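**Student:** So you can see what is in the structure, the chains are spelled out below.
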Amino acid sequence: MAVGILSFGAYLPRNRLQRSEVASVHGWFNPGLKGLGRGERTIANWDEDSITMALEAARDCLSGHDRSGLAALLMASTSFPFQDRQNAGVVADALNLDSAMLTLDLASSQRAGSSALLAALKMAPAAGGAVLVTAAEKRHTRAASPQEMTYGDGAAAILVGEGEGVARLIGAHTEAVDFVDHFRGEDGKFDYAWEERWVRDEGYNKIAPTAINALLEKTGVAPDSITTFCFPVAARRVAAGLAAKLGLPESSVADNLQANCGEAGAAHPLVMLVAALEKAGPGERILVCGFGQGCDALLFETTGALADLTPRRGVAGHLENGYSDSNYARYLTHNKLIEVERGIRAEVDKITGLSTLYRNRKMAQLMIGGLCTDCGAPQFPKSNICVNPYCDAVGTQEDHPFAEKLAVVNSFTADRLTYSPDPPACYGMINFDGGGRMMADFTDITPDIELKVGMQMRMVFRVKDFDDKRGFRRYFWKAVPVDTGTGETPGKEG
Amino acid sequence: MADGIKDKVAILGMGCSKFGERWNDNAEDLMVEAFVEALADAGIEKGQIEAAWFGSAIEEQHVGKSAVPLSMALRLPNIPTTRVENYCATGTEAFRGAVYAVASGACDIALALGVEKLKDTGYGGLPQRSRGSVNDLFWANASAPGSFAQLASAYTAKHGVDAGDLKRAMAHVSIKSHDNAVTNPKAHLRNKITEEKVLNAPMIAEPLGLFDCCGVSDGSACAIVTTPEIARALGKTDLITVKALQLAASNGREAQHQSWDGSHFVTTRAAARRAYDEAGITNPREQVSLFEVHDCFSITELVTMEDLFISPEGGAVRDIMDGFYDADGQVPCQIDGGLKCFGHPIAASGLRMIYEMYLQMQGRAGQRQRAGEPTIGLTHNLGGFPHQNVCALTIVGKEGV
Chain A
1 MAVGILSFGA YLPRNRLQRS EVASVHGWFN PGLKGLGRGE RTIANWDEDS ITMALEAARD
61 CLSGHDRSGL AALLMASTSF PFQDRQNAGV VADALNLDSA MLTLDLASSQ RAGSSALLAA
121 LKMAPAAGGA VLVTAAEKRH TRAASPQEMT YGDGAAAILV GEGEGVARLI GAHTEAVDFV
181 DHFRGEDGKF DYAWEERWVR DEGYNKIAPT AINALLEKTG VAPDSITTFC FPVAARRVAA
241 GLAAKLGLPE SSVADNLQAN CGEAGAAHPL VMLVAALEKA GPGERILVCG FGQGCDALLF
301 ETTGALADLT PRRGVAGHLE NGYSDSNYAR YLTHNKLIEV ERGIRAEVDK ITGLSTLYRN
361 RKMAQLMIGG LCTDCGAPQF PKSNICVNPY CDAVGTQEDH PFAEKLAVVN SFTADRLTYS
421 PDPPACYGMI NFDGGGRMMA DFTDITPDIE LKVGMQMRMV FRVKDFDDKR GFRRYFWKAV
481 PVDTGTGETP GKEG
Chain B
495 MADGIKDKVA ILGMGCSKFG ERWNDNAEDL MVEAFVEALA DAGIEKGQIE AAWFGSAIEE
555 QHVGKSAVPL SMALRLPNIP TTRVENYCAT GTEAFRGAVY AVASGACDIA LALGVEKLKD
615 TGYGGLPQRS RGSVNDLFWA NASAPGSFAQ LASAYTAKHG VDAGDLKRAM AHVSIKSHDN
675 AVTNPKAHLR NKITEEKVLN APMIAEPLGL FDCCGVSDGS ACAIVTTPEI ARALGKTDLI
735 TVKALQLAAS NGREAQHQSW DGSHFVTTRA AARRAYDEAG ITNPREQVSL FEVHDCFSIT
795 ELVTMEDLFI SPEGGAVRDI MDGFYDADGQ VPCQIDGGLK CFGHPIAASG LRMIYEMYLQ
855 MQGRAGQRQR AGEPTIGLTH NLGGFPHQNV CALTIVGKEG V
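Residue numbers (my numbering), protein chains in the order written: chain A, 1 to 494; chain B, 495 to 895.
By construction, these hints were calculated from the structure, which means they are not laboratory data.
One or more hints might be untrue.
Here are a few chain B residues that face chain A, going by a calculated C-beta distance under 10 Å [to be verified]:
# : residue
1 : Tyr594
2 : Ser598
3 : Pro696
4 : Gly729
5 : Gln750
6 : Ser757
7 : Gly894
Values in this document were obtained by computation on a predicted structure and should not be read as measured data.
Ideal Cβ positions, reconstructed from N, Cα and C, are used throughout, including at glycine.
Please put together the full structure from these sequences, using the hints given.
**Tutor:** Following this line, the structure appears as structure tokens:
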């Protein structure tokens with residue numbers, strides 16, 4: 001029975017940190033950074049983490065897909081916000097998926113994303129439905145580290161299941177080798193990395209060929225028939241060197257997105273796979289690897305069904321929708337790499353009543369409101385008595401999801417008094433298409449965006465508050481402009 | 495059909511503390527300051543007060559819960575004492591409780607006192623605080639200025655007013671209040687400001703700059719009320735009586751139903767209609783002598799003057815720029831300096847407004863006394879946010895008017 005990719009999606013944060021800014025700030029300390037000081041990398045906003053990014057990628061992936069009947073949701077990352085609270089479960093919840101499904105986190109290696117995809121493909125025939133694989137990464141890096149330059153934040157999602165889908169799995173092979181090129185220990189916030197030349201010579205150039213050769217041999221696929229080779233490492237010329245060594249066509253070497261995204265860790269194999277699928281025509285062979293304590297190699301062949309997918313943002317759409325962020329100080333602040341005086345207003349206790357959250361989960365996490373079955377008025381939150389002044393019916397509301405609705409701005413402000421990690425705090429009253437409204441936080445309001453009454457917004461799932469005292473974070477939905485800004489920094493830096 | 499409160503209750507005495515940054519005083523000191531003045535003004539003994547209503551809003555910031563802090567501070571003789579809280583309408587709520595108690599015949603003389611000690615937070619502006627376990631899950635990260643600022647964007651969109659013209663009218667609201675406060679010894683801010691200064695001030699919440707926002711201060715105000723008959727028996731003449739007490743609270747329509755456009759206060763309009771009816775006022779623009787409205791932000795005052803049916807809808811900008819609401823205009827608004835210059839010790843503000851009306855109606859307002867014997871005064875409080883709030887209106891005036 002064939003298994004394959006049914007759909008795919010991606011998410012890359014809108015802000016693109018200009019590496020030249022980092023190099024110019026730290027060049028006095030580490031002149032070597034200047035060699036990495038070209039291009040830009042994706043940086044998550046202060047209210048994003050791997051859960052929120054995985055969710056956005058999943059929404060992208062599920063564009064035009066029925067969300068019911070999914071058998072499993074896997075999430076891969078090495079930067080999970082929660083050590084003990086299932087991260088995949090939050091994503092599944094926010095997607096408003098049926099609770100009768102398997103959810104699972106996969107972690108601890110840069111190979112987590114590719115291995116999750118492989119596991120999903122293997123479980124698909126017996127899963128009883130499609131399996132959604134998400135991978136997301138927002139890793140902490142030290143200021144002035146090479147990782148700060150080469151890493152990127154992002155996510156991808158791939159829906160797999162029985163049948164050939166848009167790309168059939170030809171075969172896969174994994175080499176599990178405890179090769180420690182870097183690690184992050186139990187209490188470690190940052191990666192500890194060994195010399196790049198050793199990693200290249202003993203890691204990439206020895207372990208990957210073993211895995212790829214085994215795969216090609218197993219599947220009987222000729223190396224020169226590979227159309228696209230996705231090898232997700234930041235180091236330059238590694239993929240090209242491997243291709244030459246393995247007999248893969250030079251033209252097959254896929255862009256590792258180092259120039260405009262950075263390497264998104266466990267998510268990067270999937271990000272590159274999505275980018276390859278976006279560009280592919282039918283009958284193309286895509287070889288994707290994941291490297292980390294060994295190497296995964298997966299080989300797909302695209303089908304004619306690719307053309308039938310509904311349009312989505314994908315990697316290309318997100319890459320286009322960037323804002324050139326030169327405010328390195330903001331990045332340092334958001335990532336707590338410098339200690340900023342936040343003022344007494346920032347000291348408010350952000351404790352979340354876990355019983356309150358669970359009781360209000362549909363409202364707070366799924367953004368489900370009410371629809372009055374008497375008068376048809378949608379309302380958020382759902383309530384016992386209809387808000388329509390001409391209706392007033394009691395107990396008539398059924399669950400009504402708002403997360404995928406578009407809205408328009410009715411009023412707004414940019415607030416510099418209330419504490420926000422990213423002042424000014426922008427928020428306003430938004431009116432949902434078809435009825436219902438709420439006073440919503442806005443996010444991703446980069447300086448190139450001019451807020452206006454009547455502007456169209458969509459909802460995104462973000463961190464609402466960090467409870468630093470207890471290590472908890474609560475999520476809610478915020479509004480972002482549908483039409484994003486120009487991407488250019490206006491005359492004056494905001 | 496109820497016949498309302500008009501002329502059933504008279505103000506026997508009032509007191510008001512100096513408002514400001516009272517670094518060296520506790521809430522207790524402010525309460526006693528207002529009470530001692532009120533008691534002397536009423537000309538009665540403390541033992542004649544039969545019931546008391548105590549307003550404090552952000553109680554965790556100063557006195558804690560219950561009405562016990564009032565009873566302790568004033569050493570009240572174990573009389574019924576009740577604490578009320580209703581956002582910025584808290585002071586007016588205390589007054590309402592006392593007035594209704596007298597009107598009902600439950601007691602002859604009742605006390606209302608509001609106090610707020612806000613300047614112990616360590617920063618300017620109202621305290622940043624939890625909104626409750628459920629609300630914290632989904633409420634926007636909104637401050638008071640950020641919520642009220644949105645009136646401006648919705649007002650501009652609705653009326654097609656040029657944002658610059660609106661900003662200048664808002665500036666005039668604040669300039670006028672500063673002009674008025676110069677001669678008021680109890681005001682917190684007693685300096686004049688210029689349009690240039692207002693327009694170039696740092697932005698707090700767009701489009702509200704620093705001078706579009708009222709101050710935050712400490713203060714207390716107090717009223718002692720009784721029936722007109724008892725007031726006369728105690729030797730009082732030229733009584734100031736209560737003409738109307740109205741309150742309106744949002745029910746979620748503004749926050750959750752698109753029928754509200756965001757440019758005005760649903761509650762103020764509802765309360766105003768009922769208050770004018772209760773007071774027998776048919777043409778408020780001509781009949782009301784003075785207004786003290788809740789100018790927490792300049793834009794609030796601007797749209798409130800429409801919601802009180804004084805300026806026509808979309809016409810407040812013009813009235814304000816014409817000087818209609820200036821101290822020497824047709825109907826002065828904030829002749830004492832308003833929240834803008836008194837600051838806004840939440841539970842004290844409503845009673846502070848009534849105090850000014852009481853003085854003005856009696857011709858006791860000193861240098862800021864309105865000429866021509868004002869007869870009817872309206873006070874207005876607006877608590878919460880434009881999209882979910884409580885509005886309290888009080889009309890007081892000379893007996894028989």
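**Student:** With a cut-off of 10 Å, does the beta carbon of B/Gln750 approach a beta carbon of chain A closely enough for the hint to hold?
**Tutor:** 4 Å, holds
**Student:** Do the numbers back the hint for B/Tyr594, that is, is its least Cβ distance to chain A under 10 Å?
**Tutor:** 28 Å, violated
**Student:** So, B/Pro696 near chain A? Judge it on the closest CB pair being under 10 Å.
**Tutor:** 8 Å, holds
**Student:** Using the nearest Cβ pair, does B/Ser598 come within less than 10 Å of chain A?
**Tutor:** Since chain A brings no Cβ nearer than about 31 Å to B/Ser598, farther than 10 Å, the hint is violated.
**Student:** B/Ser757 was flagged as interface toward chain A. Is the shortest Cβ-Cβ separation under 10 Å?
**Tutor:** 8 Å, holds
**Student:** The hint names B/Gly894 as touching chain A; please verify it with the least Cβ-Cβ distance against 10 Å.
**Tutor:** 39 Å, violated
**Student:** Tell me if B/Gly729 is really an interface residue toward chain A, meaning its C-beta lies closer than 10 Å to one of theirs.
**Tutor:** Status violated, d = 50 Å.
When each numbered hint is compared with the structure, violations occur for hints 1, 2, 4, 7.
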